[in-house]
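**Student:** Place chain G on chain C using the hints.
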Amino acid sequence: MEIFGVPHQAFLGQLLLGLVNGAFYAMLSLGLAVIFGLLDVVNFAHGALYMLGAFVAWLLLDKLGINYWFALVLAPLTVGALGVVIERLFLKHLYKLDPLYGLLLTFGLALIIEGIFRELFGSSGQEYPVPALLQGATNLGFMILPIYRTWVVVVSLAVCLGTWYLIERTRLGAYLRAGTENASLVQAFGINVPVMVMLTYGAGAALAGLAGVLAAPIIQVNPLMGSNLIIVVFAVVVIGGMGSIMGSILTGLALGVVEGLTRVFYPEASAIVVFVIMVIVLMIRPAGLFGKEA
Amino acid sequence: MKRNTLVTALALGFAAAASAQNTGPVKIGFVTDMSSLYADIDGPAGGEMIKWAAQDFGGKVLGRPIEVLTADHQNKADVASSKAREWIDKENLSLLVGGTNSGTSLAMAKVAEEKKRPFISIGAGSARLTNEACSPYTVHYAYDTVALAKVAGTALVKEGNKSWYFLTADYAFGHSLEADAAAVVKANGGTVAGSARHPLNASDFSAFLLQAQSSKAQILALANAGGDFTNSMKAAKEFGINKTMKIAGLLVFINDVHSLGLANTEGLQLADSWYWNQDDASRKFAKRFFEKYKRMPSSIQAANYSATTTYLKAVQAAGTTDSDKVMAALKSIKVDDFYNKGQIRADGRMIHNMYLFQVKSSKDSSTPWDYYKTVATVPGEQAFTTVAESKCPLLKK
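Line order of the protein sequences matches chains C and G. Just so it is clear: in the first sequence, position 69 is 69 by the numbering used here, and no numbers are missing. Just so it is clear: in the second sequence, position 154 is 1154 by the numbering used here, and no numbers are missing.
Chain C extracted, bound-state conformation (with noise of 0.2 Å):
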């Protein structure tokens, strides 16, 4: 059977796997999707973050011997508590000024972080294995899905669809958009803005931990492994709509999925095509798919 003239079991296996990748994109767009959204911060360490959550699971588990079920939780902990540590030192003192300084802030963040892993762990990056409960694969007939990948789009959609839950369902959640669209109404009510948006930074800089965390088993753990990564990101937050949070979920998966499929039919065009769509959503929609025209 083929469709579009290519094997069904090529085209099935991309399509599943442009989904695993879409997942990532889905769970670190989400976070910049929701810095951006309540802080105005376009969150450039968010790739460096991302590194963060894969190096300290590496760490935990190489220097303390601590296994990859605590590092799913110690890990964007640790990281969402230098998120605060970060808000706290630095992004408090922008949030009056144009928000490209705190572009440039946290880009320089990002290239520091990075140099100092580099420096300490160099380039070559370090090897985590797949935890012993995940260990092996299933054949679905068109492909050999490894269970680790399934697993990683299972936490990563149910963090996604939880982390929209909270901010568009809840009353805390509403507390926050309130305090986006108007802090000093709020804080009048008595609720404590400048603690609610640093925690929420920290949050942000979780949710690119626990992918980091995720990622780990994946990939080799490299200082420059968020550094490959945020651009495409970044693409996918701009077609999903800056600060939308259902619309960087979907856009994540859906760019995803569109990369598989171009790599079917055109490998070579596999790198660029979510810039190539980041041109033409501008063009025609410049506030992103989900996004409110200003």
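Honestly, I wouldn't trust all of these hints.
Stated by the list, open to error - Partial pick of chain G residues on the chain C-facing surface, computed with a CB cut under 10 Å:
(1) Gly-1063
(2) Glu-1067
(3) Asn-1201
(4) Ala-1202
(5) Ala-1207
(6) Gln-1211
(7) Ser-1214
(8) Gly-1226
Simulated from the structure, these hints should not be mistaken for laboratory data. No experiment lies behind these values; they were computed from the predicted model shown. Where a beta carbon is used, it is the ideal one built from N, C-alpha and C, also for glycine.
**Tutor:** Frame of chain C, contents of chain G only:
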């Protein structure tokens, strides 16, 4: 009278310029990937090896101090060539040394040829450097894609692995390696089932591996290096490709094996020009390296040291840093040191032994970094492009 003054001034100017060529420090410039996926196999430590070689030579040649400059090309050919141009024009560089990444070495070779300065490429693999793109000023010192293909490829085809599928890094080095390996496969009666090309420093290999698996070839040949090699190797294992296909790394450095661990690389066959544990002289060099960097040197880092020493000997023999005289001296010197024994051919290719290694299992590995056993030693004349195969006009009389 006025004209005479002008002529004298001009003459003095020329004299000053000429004497600047032959006094002052002898400058060696090294351009490599200092910060990205190839930084561990060459990088800052690779630059340090050039400095060690200069210090061990006495810090001086022809009574002039030796100065080593280093720069990061960020894997961009234009950054590499503009750095080379700047150093040659402003620093009056005597020798340009090219590190990892073939795209950058090919670009720098062009600059060196135009400016008539000796250029030694070490970390780069593309055999084009001394073949289609050869130049009277280029020396290719360590390994090249032809040697990797002939040494590792021939061994695998002869074991009965006839059909090959390539996963190739999409730039000069990957293209050369794939083409050279495919030629070896076909020459030995094998077939190429197809190839997939991935961008340099790719983040996901699963999609490409899926294509490889559907090709039903016996060998999955990885025509990539550094971080790309380790990540594709890891994904191949995750997707169970190592159960249906045999995986061949066409360019594997000891840092890659260390990074992946013996459990993931056991049994892997690879071609290289040097291994730290091959003899006493190498172990002595490796020990000194280990004390500073807490890891073992790659073949490239060893070659950086050896090539610098060879160049300084050539300068001493020529009695000048004049490019043409030094190039002639380089091609007449017999190299015999801890790195290798050999001689630089007229096309600039250093002809020396290449080795086929196999990665040990963890129970055979007795000390840290004890990773390889030698399967075969291939003489340079067989490993590299032969005079008959070469398209370089410098080789034809």
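**Student:** Of all the hints given earlier, name the ones this structure violates by number, lowest first.
**Tutor:** 1 and 2
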